[in-house]
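**Q** Could you build all of it, start to finish, from the sequences and the hints given here?
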Amino acid sequence: SQKIEQNSEALNIQEGKTATLTCNYTNYSPAYLQWYRQDPGRGPVFLLLIRENEKEKRKERLKVTFDTTLKQSLFHITASQPADSATYLCALRMDSSYKLIFGSGTRLLVRP
Amino acid sequence: NAGVTQTPKFQVLKTGQSMTLQCAQDMNHEYMSWYRQDPGMGLRLIHYSVGAGITDQGEVPNGYNVSRSTTEDFPLRLLSAAPSQTSVYFCASMTGEGNTIYFGEGSWLTVV
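Taken in order, these protein sequences are the chains called A and B. 1279 is the number of the first residue of the first sequence in our numbering; add one for each residue after it. 67 is the number of the first residue of the second sequence in our numbering; add one for each residue after it.
To be clear, the hints were calculated from the coordinates, so they are not data collected in a lab. Check the hints yourself; a few may be wrong.
As the list claims (entries may be wrong) - Pairs of lysine to any residue, SDA-like flavour, derived with a Cα cap of 25 Å:
1. A:K1281 x B:P127
2. A:K1377 x B:I120
3. A:K1377 x B:S133
4. B:K75 x B:D139
5. A:K1377 x B:V154
6. B:K75 x B:G124
7. A:K1281 x B:G108
8. A:K1281 x B:G124
9. A:K1341 x A:Y1310
10. A:K1377 x B:P105
11. B:K80 x B:R110
Stated by the list, open to error - Computed Cβ-Cβ distance ranges for the label pairs, DEER-style:
12. B:M85 x A:R1389: 40 to 46 Å
13. A:T1298 x B:A148: 36 to 42 Å
14. A:E1287 x B:K75: 26 to 32 Å
15. B:Q123 x A:R1320: 22 to 28 Å
Quantities reported herein were computed from a predicted structural model and do not represent experimental measurements. Built from N, CA and C at the ideal position, the CB exists for glycine as well.
**A** Have a look at this one:
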């Protein structure tokens, strides 16, 4: 069956450390993989997109990797801050469709 | 720029009642969609539209109806509300390129 898995347990880290979140998928061949941030009571907000032919993408303190062999994406936040505390969602998009398929998200807590 | 606007923010319905969740976007996006978000389930696609006059079912369409008479508006109708439809509903839109999806702020629906 097709699955997208994100760690359901919250990731709790100290301010200044690097947060690494994982998105694993099975039985999909996505053309794009996206990461979103969601704060409590708010809608998801787009952060980064990486294409299947890209290994890595960076934006300020954010870095995303995409390994289509392992069927895994890693999302890194360097020099993390308490303001980075939120739930982070990964989403897959197949080349032939506009549909996005979301993981259930991982909550990140950054302690001061 | 308002982006994606959803109304109402909160609604309580009795079982069997019908209602419409409104969604409007001012970005001239072709693609619009409705998701529901339940604890531990991630975002699940209900219905989507690739342009005015065109709609299609997503992953969980039962009990919901949509129409797309204009590019800007994409209302979601609950025909006969059931407690299983208690959820947070998000409307979203994206460009024809489909690289970034913009979400509304959500509508919290409780069916008693």
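**Q** Among the hints numbered above, which are violated by the structure, and what are their numbers in rising order?
**A** none
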